[in-house]
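The two chains are supplied separately, each in an independent frame; assemble them into the complex guided by the hints.
Protein chains in written order, with this note's numbering: chain A, 1 to 134; chain B, 1 to 654.
These are computed hints drawn from the structure, not numbers from a lab. Errors might be hidden in some of the hints.
[To be verified] From the derived model, a few chain A residues whose C-beta atoms are all more than 12 Å from chain B: (1) Y7; (2) N54; (3) K56; (4) K62; (5) K68; (6) D70; (7) E71; (8) D76; (9) I78; (10) S80; (11) A92; (12) Y122.
[What the hints assert, rightly or not] Quick look at which bits of chain A chain B covers, simulated, 3 or more residues with Cβ under 8 Å: (13) 32 to 43; (14) 81 to 91; (15) 95 to 107; (16) 114 to 120.
Virtual Cβ for every residue (Gly too), placed ideally from N, Cα, C.
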Amino acid sequence: MNNYFIYLFIIVISIAGCFYNVDNDLTNNEIRLLNLEKQIKCPICPAETIAESNTKVSKDLKNFIKLKIDEGWSDDKIKSFLISKYGKEILATPQKKGSDLFLWIIPIIVLIFGVFIYWSLYKTIRFRTKGEQN
Amino acid sequence: MIYGSLGDLVIKLSLGMYIYSIFAIFIGIKYQDLKFIYSARLASYFGTFLLLLSTITLVLGFVNHDYSIQYVADHSSNTMPYIYTWIAFYSGNEGSLLFICTCLSILLFLFIQNKKLNDNSINFSHLFILLFQIFLLISTSVLANPFTEASNIVKDGQGINPLLLHFGMFVHPPVQMLGLTAVVVPFSIAIGSLCAKNENLNLNSLRIWALVTWIILTTGLALGSWWAYTILGWGGYWAWDPVENSSLMPWLLMTAFIHSIMVQKKRNMFKGWNLFLIIFAFFMAQMGMFINRGGPVPSVHSFGSSSLGWTFLLFMFVSTIFSFVFFIYRYRSLASVNYVQSVLSRESLILVQNVLFLSVAIITLMGTIYPVFTKSIEDEQIYVGREFYDLVNAPILLLIMIILSIAPFVPWKNSNISSYINKKIIIFVIAVLFAILNSWIISGHYWVTISFVVLYFSSIQILIEFYKILKTSFNKFKNLRNALFKFLNILYSNLSRYGGLISHTGILLVMLGIAGTSFMGIEKDFALKPGQSGTLKNYQFTYLKTDITQKSDHTNIKAVMQIDKNGKSLGEYTTSKSYYPRFDMNSTKAGILNFGLEDFYFSQSVISDDNSAVFEVKINPLVSLIWTGAFVVVVGALISVIPVHKKKDKVKIK
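Bound conformation, chain B alone (with noise of 0.2 Å):
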């Protein structure tokens, strides 16, 4: 039908506007003629349209079910919940690559507009965007096109995988696909900026471009973690799985880089350190998309095997080897005419956490990789689990958040140790108390209460220094309504650091969160029959009965529990399991009771011909605050994107 050949014809042209628009800036800024670049801007828009135009075409044949297109034969059938077909055309690996190259050619579109066309290092940012985009391109329209027509046309498609059956497919894939994707604009306008001379890489549109990224990623893994606590049935959400590890390693060198960007924002220093680091996040975003394309590393995630995953890794080991002989190349030209000072400056504590998240990145990409040594080494398959990630990383994790709490508030250049002492030690014995206490009412684990002392240590050096700025406009107003418009204006001139301010205490949340499900966590196997009922804490639970139905293309069997808490009735609630016979897989929908802090989580493994089942239930306390947490420390990061326009008169603040 028209959409297939429609579709391939389309982004075959975009290829060719992308071809085109390189060699048009190549040419430009050879020759410095502005027509050319302004040729090439033209063109790169086009194929933005272009790809929107492709994927909208492969959104309509999915959604009318055109099956001449081998693609939506293998992942849509006609059973499948119609608003399903909006979105099924990602869940592939042809249709997802087609997606980031969408995506990119957005964030392309957006980075290029309104951008002076004389400016070179925007020029070169934009020559290598074009680069990445095409190399994607090339593999969408020729190694695995999602257009190809199918050699016989089936009545009915293959349908989706059924763990993709779930709200959380909307939100996660497309958001952790372009938080990877969208690494290469950051690392564009690092490696652009150098080339064009412009030793202070471009610091801040690079910072406003790595924060963006830094929050897609955040969002994904976020997105991400609660899929699989909702969906997969196993009541936990993070397993430290390949594919997931893939998506951790650019967020944690993309948090290391968005600091240290401050260092040269502030300072004029790290300018190499962070050229460094962007180049390693981006080469660590490629390698999240090889081990997502059919990498050699066994996951319940990846998109399946295909031979595009080498295809990626090509590229990827090209385009680092590039970055870094480049890199070496230009080093001593980024010498900084400042220095660090002291151990304990702001400067030196993010240089800390910097290398600490680069140890996590490099110890969990090894971890991720050693099974491959291993089984060209000894021809044995070994499996990495998260006994080794938790051992290691959650001690380095902890320093980190311990740094996170301390460096906000140390100031640049210099500190003498011994007054800090002095000043701080009140503050953190209020923490400690409040922390004992605190833990003390929800009868907390010790890592929950050094999580405690942690996050209130933070807050509380947080809220004096809104009490100091509050203070202060007081002091010049007398008046409440200016006073207060004053407050708010001294907030507003240095958004970026109160926006990370609230980012800093959303993260801590989640650490809270991850150390009272890891360390308080209550989890049982209950063999049950019907109306029979089990104990776990202050939890009973009666199983009533199970209800089975019979659907076109899957089998669901309901759960139904009697729940109470403390000897009062909650009601009944119920815990379903799917099983679809075309693809062997169940779908298992969990029962989960939140109430406030703490959730309860059950769900049914086995069912027998006796109706007998085996139920998991689990108490996660806290468990609810890694997602309050994350949404917290979005928020804040958005905060600190919002470009503030300075006025003259600057507010110091004592």
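Only chain A is shown next, with the shape it has when bound in the complex (with noise of 0.2 Å):
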């Protein structure tokens, strides 16, 4: 028993070890505004965000939401701003609250519904053959 516990204390100490900050170059600001850009949906595109799409309008926004972060103003107000303009379809994805917090429950319903349906294939099979046999 002795020697999982020494196994156990490697292992935790060197995941403990690599939590350390990657330096990546970036301020913070910076960081925030890349954060907020995969979240902001380019108006006039199909489906691509303003980090990815490269119309005017992205541009626009992008300049927007940096100039709006370097005034101090929070990416929640940020968001709620662009919101009261454009309506929800700015947004690449629902927030997590009002309606559309429906959405978020969904996979924590299906992977409920996943270990229902593990256990009752493990089950049927395990009793129905058991009977069988006897």
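Here it is, written out as structure tokens:
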């Protein structure tokens, strides 16, 4: 049993050791800008965010967001401002509140259902065949 | 001209052939008359020939710029490069339909040739493939005929979507369409065998066709992501776009399926589950075709809106309901004698993996169609983007990868958990140490480290297995040549397993690549004037100049960059952007410099009048692993498809 603890110790220490921050040369505001760009949809493209799209509107929106970040607006404030201007379709992904919370609950339902499938297959196969063997 | 009417005639003749074929096979099965079955097969062969002929006609129409065909006028032009006229025929809705009909007819040909006439499960499978083929052909010849005559003949055609003018166009769309269509073959084999009361589901044939389909789907996905990375100009390879999702979902289910039929092969279990998976996979493949052909979901890739999508939707519902009713009706006959004995056994882990793959597929499906629901309820267009999929699917996929590194090395039936841990813990610790060392060298993010752990844990076990085989062969034969021969012989006798292990290693490399680009990639926009330079990490780049060339159908703006890495000059590289006024579309060609595993990526977005430009600059670490890994996956899968003629003396490995 002692061996396990030694191994466990090594694993925990080593995993903890790799949780250091990666130096990626970007400032905090730049990272925020990048993240926001990926959450805001380009208003005139079929399904691209402003980070991906090369249209002029996207560039303007990017500049706008950059400006507001530098002015000290929070991410939420920028987003709700854009929603009030363009409607909910400006978001690449719905927020986790209101009626769109349902979208975020779907995966949980699916996973619970998955566990159910696993158990039912596991069990029925077991019981039925045991019954047949008797 | 001749091509239009000839092609139209030939396509209708082939429809007639297939309709005859389906009646003949029906009569043949009903009265057990082999003559009818034989004639049905001949008719199907001839149908393949006719469809090939009509495809060739369409291609010739394109090559000779026959604008009396509406479809040719809409999808080609005099100025388009000659080489693209050969492949432009599948760039639109109608032509791509003809393309998938032809592909399916070839698959059907390959499936029925050299099969015994009195094998009813083959005949039923033939019947179901024919049903789908006839549906496709009716859609092609009636609803979306590529040979429709133009109302007025133009001098020059519309031309092709400029994003398609790329080498990726030669390979990705046909492979992807072929893959989605090919799912019908394993589906029909499974349902057909069940109709013929072959409860074994015609397993060998099913396995090979499922694997072939899976290989095509995998290749399609890999080529698609590669195309996106090099041509779409946003530096990514996967955007969780509806059309991408619709090609991923059947892949997920086929992946689950090719694993679970292994359980059926070895342990004779999970028959009902397998049938469920393949029905669902076929459903997803049709869903993919529906979304592609003018479904309700906005996407960058779809064929434009056409009403044809709804026909596909209808067929999808009918075929799925029929299959499930039939499945429930025959469910009892699919019971198994064996059962899952332990949570830690290979069949149990495969079941977990199956359920997880199914969950990812369902979550993706829900995310894809969620906007449609909200639009009908709230009348507000919303989008479900990558934030949702990344957050939800990535952990499940990671869990699948962890299972992947465990399951192939767990015995069937039963194993003891504590003795298992005892056996594997040293390997695990070594894998962790290696991973940390490795991650430290490339200063990796912790998710990259975790990917390394999974990769090493799996690879070390694979190496140990090979070592054991090598040892047994050397113990048996002292002579080097004989021993090596023995070694290869053992490998050959179990090709499906070793092919699978190679594929697993490949998929772990893909995972490492994805983790690297997602968590260690850097991107930044630089607004530069000519002569100015910027720095990102250890790269310095100077924007030199812009060259503008005016072509007949587009304007090409080429920006030249001088790039240095660690102070060393690498030379001049270009990124170009072409504007096609006819489509009001830009096609971007990014500059990509590859340094082993790391890519330096830059593309221009806006160029002002004074030549100052905005550049998107990215450093994508480990990105080449994605395509290398995908290649390894395909090679492994191809190895496991090779039919093995087993010798009588089976070799046991301890």
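Tested hints:
no.: 1; hint: Y7; result: violated, 5 Å
no.: 2; hint: N54; result: violated, 4 Å
no.: 3; hint: K56; result: violated, 7 Å
no.: 4; hint: K62; result: violated, 7 Å
no.: 5; hint: K68; result: holds, 16 Å
no.: 6; hint: D70; result: holds, 15 Å
no.: 7; hint: E71; result: holds, 19 Å
no.: 8; hint: D76; result: holds, 15 Å
no.: 9; hint: I78; result: holds, 15 Å
no.: 10; hint: S80; result: holds, 15 Å
no.: 11; hint: A92; result: violated, 3 Å
no.: 12; hint: Y122; result: violated, 5 Å
no.: 13; hint: 32 to 43; result: holds (count 4)
no.: 14; hint: 81 to 91; result: holds (count 4)
no.: 15; hint: 95 to 107; result: holds (count 6)
no.: 16; hint: 114 to 120; result: holds (count 4)
Of the numbered hints given earlier, the model fails hints 1, 2, 3, 4, 11, 12; all others are met.
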